[in-house]
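Numbering (the working numbering), first residue to last: 1401 to 1521.
Bear in mind the hints are in silico, worked out from the structure with no lab data behind them.
The model shown is predicted, which means the values in this text are computed figures rather than measured ones.
Using N, Cα and C, we set each Cβ at its ideal position, and we do this for glycine too.
Only true hints are included.
Label-pair ranges, simulated between beta-carbon atoms:
hint, residue 1, residue 2, range
1, Q1513, A1422, 20 to 30 Å
2, L1424, E1476, 38 to 48 Å
3, Q1513, S1490, 29 to 39 Å
4, E1476, D1518, 52 to 62 Å
5, L1424, G1462, 15 to 25 Å
6, L1510, V1473, 29 to 39 Å
7, L1444, R1485, 44 to 54 Å
8, D1453, A1429, 21 to 31 Å
9, E1476, Y1506, 29 to 39 Å
10, A1429, A1468, 30 to 40 Å
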Amino acid sequence: MESNPNAGESVTRNAPLRDLLAMLHLFPAAADGHIDVAAVDPQLLLTLASRLDLTLGSLLQGIAGIGALLASVPMEETGEAVEIRRTIPSVGALLADLGEVLIYAYELSLACQPNLADYAP
1401 MESNPNAGES VTRNAPLRDL LAMLHLFPAA ADGHIDVAAV DPQLLLTLAS RLDLTLGSLL
1461 QGIAGIGALL ASVPMEETGE AVEIRRTIPS VGALLADLGE VLIYAYELSL ACQPNLADYA
1521 P
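Using the sequences plus the hints, can you model the full thing?
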């Protein structure tokens, strides 16, 4: 068995959403269940903000790519292809969920900014 040629490389470049989710347990929750950004160590908050930026960019590019693919599918040429007719609503549901993730990630990113305004690592 060969060794992984990517071993030791930053996974953030390849999976920003996964990396973001993997660090969420490090943050205290406010009474409403959201992250209490005011109680987070500034360096950790800076890491969160960076991961949020990477995740937002990745999701936006992915959603745009899926949209471009969907727009290029000529539905009149699919005939009665059941697989395609089932896939389109599933992709739509995925896009809706990803849109919700984008909104939350953007709101969280905005919440980080005031707490980092005076921070200089």
